[in-house]
Amino acid sequence: MTRTRRLALATAVTVLALVALFGPGLVANQSQIASGTCSQKYPDETRFSVGWRPLPVPGWYCTVGSTGDSLRLGWWLR
Amino acid sequence: MTTERSCGDWWPSWINGRSNPSSLAGQRYGRTKFTWSSTRLSAFQCYTDPTFEPDFVTYNYDGKYYFSKSVQSWSTDMPNGYLDTPFADSADERVYTVGTSRVTHLDPGRTYYSYFRTTNGNSGSDSAKVVAQRGRRIPSWCDSTWCIFAQESVIYFNGWTLPVPGTSTMYR
Numbered sequence: 001m002t003r004t005r006r007l008a009l010a011t012a013v014t015v016l017a018l019v020a021l022f023g024p025g026l027v028a029n030q031s032q033i034a035s036g037t038c039s040q041k042y043p044d045e046t047r048f049s050v051g052w053r054p055l056p057v058p059g060w061y062c063t064v065g066s067t068g069d070s071l072r073l074g075w076w077l078r
Numbered sequence: 001m002t003t004e005r006s007c008g009d010w011w012p013s014w015i016n017g018r019s020n021p022s023s024l025a026g027q028r029y030g031r032t033k034f035t036w037s038s039t040r041l042s043a044f045q046c047y048t049d050p051t052f053e054p055d056f057v058t059y060n061y062d063g064k065y066y067f068s069k070s071v072q073s074w075s076t077d078m079p080n081g082y083l084d085t086p087f088a089d090s091a092d093e094r095v096y097t098v099g100t101s102r103v104t105h106l107d108p109g110r111t112y113y114s115y116f117r118t119t120n121g122n123s124g125s126d127s128a129k130v131v132a133q134r135g136r137r138i139p140s141w142c143d144s145t146w147c148i149f150a151q152e153s154v155i156y157f158n159g160w161t162l163p164v165p166g167t168s169t170m171y172r
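So the sequence lines, in the order shown, correspond to chains A and B. For the first sequence, position 29 matches number 29 in this note's numbering, and the numbering has no gaps at all. For the second sequence, position 70 matches number 70 in this note's numbering, and the numbering has no gaps at all.
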């Protein structure tokens, strides 16, 4: 394998790893949609937080204040 | 996305919501007023690159809405104010947001407001809640709505108890 091909392969692997780790976690409007989705899924809760997590399954998660329960909302939200 | 330190209770000590017909014919306005105590604001400003949005959320599960979708005008006396365009407008809950990208420029004990005005919706009455949302600028130097990530929310008037039109105040 030539040096150029090794560099291309390393770049591709790095990009894939970054997408797997962060994915839509780098998109601000996805966090806003996650917030709205969380609010609708827990209409009785008065406090919650949202955030992107790579583990155990990559995706947006909603954590409810009163119980600390976390719910995975999905990878890409609409 | 990133692990965040906890700084304590950050939300306003109280929020007042108000909505009414505008003095401009065929239009209506919604407005929130809110204040932080020094303890609350210190906690808020302890978070990393904090932002704040008082989301005025209206009930639309019944298809009846007091405000139309598009905002004709908006204002706030918070520094670095912005209008947040809804990216994925839920059919069931409509959100009107005027926030600030720089919580570190706010002062404790001062009453701030956020205001929006729309054309009339298809109903003369509605109900609403206010979602106080803490966000974070990523990267730190960017004030665009595309750089503001929602972190945590606290709901006022839960159960759609803010009458529209009308006014109410809730302490938390």
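Hints are supplied without guarantee of correctness; some may be wrong.
As the list claims (entries may be wrong) - Partial selection, computed: residues in chain A whose CB lies under 10 Å from chain B:
1. VAL27
2. GLN30
3. GLN32
4. SER49
5. VAL50
6. THR63
7. ARG72
What the hints assert, rightly or not - Each computed BS3-like pair below joins lysine-lysine, with the alpha-carbon atoms no more than 25 Å apart:
8. LYS64/B with LYS41/A
9. LYS33/B with LYS69/B
10. LYS69/B with LYS41/A
None of these hints come from the bench; they were simulated from the model. A virtual CB, placed ideally from N, CA and C, is assigned to each residue, including glycine.
Structure-based check of each hint:
The restraint placing VAL27/A at the interface with chain B holds, with a minimum CB-CB distance near 9 Å, inside the 10 Å limit. Given the 10 Å rule on beta carbons, the hint for GLN30/A holds: about 8 Å separates it from the nearest Cβ of chain B. A least Cβ separation of about 5 Å between GLN32/A and chain B falls short of the 10 Å threshold, and the interface hint therefore holds. Evaluation of the SER49/A hint against chain B yields a held restraint, the C-beta minimum of about 4 Å falling below 10 Å.
Of the supplied interface hints, the one on VAL50/A holds, with its beta-carbon coming within about 6 Å of a beta-carbon of chain B, less than 10 Å. Taking 10 Å as the C-beta cut-off, the interface hint given for THR63/A holds, the closest approach to chain B being about 9 Å. Because the smallest distance between the Cβ of ARG72/A and any Cβ of chain B comes to about 15 Å, over 10 Å, the interface hint for this residue is violated. Only pairs whose Cα atoms come within 25 Å are accepted, and LYS64/B paired with LYS41/A is accepted, the gap being roughly 21 Å.
A C-alpha spacing of about 22 Å is found between LYS33/B and LYS69/B, which places the hinted pair at or below 25 Å, so the restraint holds. Among the hinted pairs, LYS69/B with LYS41/A is consistent with the structure: their alpha-carbon atoms are about 23 Å apart, no more than 25 Å.
Of the numbered hints stated above, the single one contradicted by the structure is hint 7.
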